[in-house]
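S.K.: The lines below spell out each chain.
2 protein chains.
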Amino acid sequence: MTAKPRIEIEYCTQCRWLLRAAWLAQELLTTFETEIGEVALIPGTGGVFEVRHGNTVLWSRKAEGRFPEAKELKQRVRDEIVPGKSLGHSDR
Amino acid sequence: MTAKPRIEIEYCTQCRWLLRAAWLAQELLTTFETEIGEVALIPGTGGVFEVRHGNTVLWSRKAEGRFPEAKELKQRVRDEIVPGKSLGHSDR
Numbered sequence: 500m501t502a503k504p505r506i507e508i509e510y511c512t513q514c515r516w517l518l519r520a521a522w523l524a525q526e527l528l529t530t531f532e533t534e535i536g537e538v539a540l541i542p543g544t545g546g547v548f549e550v551r552h553g554n555t556v557l558w559s560r561k562a563e564g565r566f567p568e569a570k571e572l573k574q575r576v577r578d579e580i581v582p583g584k585s586l587g588h589s590d591r
Numbered sequence: 500m501t502a503k504p505r506i507e508i509e510y511c512t513q514c515r516w517l518l519r520a521a522w523l524a525q526e527l528l529t530t531f532e533t534e535i536g537e538v539a540l541i542p543g544t545g546g547v548f549e550v551r552h553g554n555t556v557l558w559s560r561k562a563e564g565r566f567p568e569a570k571e572l573k574q575r576v577r578d579e580i581v582p583g584k585s586l587g588h589s590d591r
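Sequence lines, in order, name chains A and B.
The first sequence begins at 500 in the numbering used here and counts up one residue at a time.
The second sequence begins at 500 in the numbering used here and counts up one residue at a time.
Derived from the structure by calculation, the hints contain no laboratory data.
One or more hints might be untrue.
As the list makes no split between identical chains, a pair holds if one copy fits it or if it spans any two.
What the hints assert, rightly or not - Below 25 Å or equal to it, Euclidean Cα-Cα: the simulated DMTMM-like pairs (lysine to aspartate or glutamate) are: (1) Lys503 <-> Glu549; (2) Lys561 <-> Glu571; (3) Lys503 <-> Glu563; (4) Lys503 <-> Glu532.
Put together the whole structure using the sequences plus the hints.
M.R.: Printed below as a string of structure tokens:
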């Protein structure tokens, strides 16, 4: 298994959320190209939209009541896996 | 771990192949919405572009000398994980 962190994005297929899940996966894989080992897209149901690192839920649509902007999701992923990393513009 | 199959797509970041890897991931997750447990996007280097199911390489750009069309990749994934499934138009 790669030693680099695995990020999971579970999305609701009934709600047709694959496209935004895949979009955020590409945003994370672009920003953290060398730091992330993989991003797994996981089909789910019942309104789920969660971004996780292991047991840590980085974003839960149900808890937050909305989807993340790319910037805030990247900040949470950065804080979780590469705390020192600057995100440039999107960090402000 | 989900019991459904995990598909891996490893792509070369130096070659900027994230977009086509993410595209194929979405194609597979749409066609096999209920049969696939996850599709993992895995950044790699050195010209790699491989689609795998466990130890089975379903497509290797190096071996095939090119990228897969969505149709042929879906046929190989179908043959591997859901042999009986019809793919409709794209199966011909």
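S.K.: Against each hint, give a clear statement of whether it holds in the structure.
M.R.: Comparing the hints with the structure gives:
no.	hint	in the structure
1	Lys503 <-> Glu549	both (20 Å within a copy, 19 Å between copies)
2	Lys561 <-> Glu571	within (16 Å within a copy, 38 Å between copies)
3	Lys503 <-> Glu563	neither (27 Å within a copy, 29 Å between copies)
4	Lys503 <-> Glu532	within (11 Å within a copy, 27 Å between copies)
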